[in-house]
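*Asks:* In order, the protein sequences belong to chains A and B.
So in this note's numbering, spot 159 of the first sequence is number 159, and the numbers just go up one at a time.
So in this note's numbering, spot 178 of the second sequence is number 178, and the numbers just go up one at a time.
Careful, some of the hints might be misleading.
Said to hold, decoys possible - Just a few of them, taken from the derived set where beta-carbon distance is under 10 angstroms, the chain B residues facing chain A:
id, residue
1, Val13
2, Phe54
3, Glu129
4, Trp144
Said to hold, decoys possible - Quick partial rundown of chain B residues pointing at chain A, CB under 8 angstroms, derived from the structure:
id, residue
5, Glu6
6, Ile7
7, Gly16
8, Arg18
9, Gln25
10, Ser26
11, Tyr29
12, Leu39
13, Ile59
14, Trp94
15, Ala97
16, Leu178
Note that these hints are calculated values from the structure, not bench results.
Quick reminder that beta carbons are idealized off the backbone N, C-alpha and C, glycines included.
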Amino acid sequence: MRTDLDHEPDSVSLDPQLLQRLRDLPDAAPPPYGYSEFSHRYSRRRLRQAQRPWRLMAAALAVVLGGWLLRHGLLPFMGVDSAPNDPQVVQLAPPGEPPEGQLPPAARPPVLLPSANAESWLNAHPQRALVRLPAQMAVTELEDQIATMDDQLNSARLSRTPAPQLLVLQRDRAQLVESLAQVRYAQNLVAGLP
Amino acid sequence: MTRLAEIRVAEGVLAGARAGHPEAQSQLYALLAPGLFALIHRIVGVRAVAEDVFQDSMIMVFEQLDRYRQEAPLGAWAAKIALSRSLMFLRSPWHRARLSFGSHADAEALLAPATLALPGPNAECFDMERALASLTPTARAVVWLYEVEGWSHEEIARDFGRTVSFSKSQLARAHARLRAWFEPEAQSCAPT
Chain A
1 MRTDLDHEPD
11 SVSLDPQLLQ
21 RLRDLPDAAP
31 PPYGYSEFSH
41 RYSRRRLRQA
51 QRPWRLMAAA
61 LAVVLGGWLL
71 RHGLLPFMGV
81 DSAPNDPQVV
91 QLAPPGEPPE
101 GQLPPAARPP
111 VLLPSANAES
121 WLNAHPQRAL
131 VRLPAQMAVT
141 ELEDQIATMD
151 DQLNSARLSR
161 TPAPQLLVLQ
171 RDRAQLVESL
181 AQVRYAQNLV
191 AGLP
Chain B
1 MTRLAEIRVA
11 EGVLAGARAG
21 HPEAQSQLYA
31 LLAPGLFALI
41 HRIVGVRAVA
51 EDVFQDSMIM
61 VFEQLDRYRQ
71 EAPLGAWAAK
81 IALSRSLMFL
91 RSPWHRARLS
101 FGSHADAEAL
111 LAPATLALPG
121 PNAECFDMER
131 ALASLTPTAR
141 AVVWLYEVEG
151 WSHEEIARDF
161 GRTVSFSKSQ
171 LARAHARLRA
181 WFEPEAQSCA
191 PT
């Protein structure tokens, strides 16, 4: 606090009359709100402060969960794949045989998988693919393709398509059915079923 | 010091407010709020900002009531909190940016010599409020703290985070501005 002796010299000080006017200015004004509103705002603020750690924790959890979902749940199906470029075909073991691929790759005809993303992913991780891939999706795709193939076969038979073309369609359908069987075999392996 | 320092609070009210009794806190609020709001409004200048600072200050008063040791009047203690919050606002980068880019960008220009020559409001010979409003927020705060609240230049410099020279130069320029504001009034109001 300043004492009167500390006051500035006259050259820079204010005229006493002006100074008195300054000091006579009203020093009270109606507050913007009463105690009830203040109390309401105060309690809201305390509530927000109390919730802050929980909110931060929830936000951190949401970020972690979102990152995990993006990494493990969505990326394989969004075309984002960390595996190197893979060939368009994979070799899958037939049902009833070990999936390790004991047969030489050339022994089985190449089978096109229904989804290019799943194909490359499966090709990079053949064992884990059978474990992690939602097999039901592949099953549905294969079943749809088989149904489409059946329609084409029916149309071809009704229109008396030449035999070689019918054979091609039948061979393609057989490959699809074989693929479906392999996927279901893999499902059985994952589920621990015989 | 403003009349906040003259506010007397009963011991029971103070104890009740410390204990969190709404009735006592309501009484304390009714005693302190008008003076604190006027003081804050005087320093920060803008009513909307003053309301925010007022709320922060009142919350701080109630939260720190346990630390009040009754070495000074409660009003003076609360005024110190309010002034501290107000100066914190004036020091904030947000406020400085607002002065630089907002409608008050030319606030410092108000103190330029050319502007000082502008005539004062003849019709409002005693309008000290308008004269104060013509000062920049910093100059207004300095002149109020020094002339009315009785702060020393050292205290002002410390709370602004600046040097004593800053406080002295702000005060001198504010005085010059106020004198220039009222000089035409003195001439026109003087009997001929």
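*Asks:* Would you mind marking each hint as holding or not holding in the structure?
*Replies:* Structure-based check of all given hints:
1. A distance limit of 10 angstroms between C-beta atoms decides the matter here; for Val13 of chain B the minimum to chain A is near 13 angstroms, and the interface restraint is violated.
2. The interface hint given for Phe54 of chain B is met, as the beta carbon of that residue sits about 7 angstroms from the closest beta carbon of chain A, less than 10 angstroms.
3. About 7 angstroms separates the beta-carbon of Glu129 of chain B from the nearest beta-carbon of chain A, less than 10 angstroms, and the hint is met.
4. Restraint check, Trp144 of chain B versus chain A: the minimum CB separation of about 8 angstroms is within 10 angstroms; hint holds.
5. About 10 angstroms separates the beta-carbon of Glu6 of chain B from the nearest beta-carbon of chain A, more than 8 angstroms, and the hint is not met.
6. Residue-level restraint check for Ile7 of chain B is violated (minimum Cβ-Cβ distance to chain A is 10 angstroms; threshold 8 angstroms).
7. Because the closest C-beta pair between Gly16 of chain B and chain A is about 13 angstroms apart, greater than 8 angstroms, the hint is violated.
8. Of the supplied interface hints, the one on Arg18 of chain B is violated, with its beta-carbon coming no nearer than about 15 angstroms to a beta-carbon of chain A, more than 8 angstroms.
9. Annotation: Gln25 of chain B was flagged as interfacial toward chain A, and the flag holds, the nearest CB pair being 7 angstroms apart, inside 8 angstroms.
10. Annotation: interface hint on Ser26 of chain B holds; nearest CB of chain A at approximately 4 angstroms, less than 8 angstroms.
11. The criterion of a C-beta within 8 angstroms of any C-beta in chain A is met by Tyr29 of chain B, whose closest approach is roughly 4 angstroms, and the hint holds.
12. A least Cβ separation of about 7 angstroms between Leu39 of chain B and chain A falls short of the 8 angstroms threshold, and the interface hint therefore holds.
13. Residue-level restraint check for Ile59 of chain B holds (minimum Cβ-Cβ distance to chain A is 6 angstroms; threshold 8 angstroms).
14. Using the Cβ-Cβ criterion of 8 angstroms, the hint placing Trp94 of chain B at the interface with chain A is not satisfied: the shortest such distance is roughly 20 angstroms.
15. With a cut of 8 angstroms, the hint placing Ala97 of chain B at the interface with chain A is violated, because the nearest CB-to-CB distance is about 25 angstroms.
16. A least Cβ separation of about 6 angstroms between Leu178 of chain B and chain A falls short of the 8 angstroms threshold, and the interface hint therefore holds.
Checked against the numbered hints above, the structure violates hints 1, 5, 6, 7, 8, 14 and 15; every other hint is satisfied.
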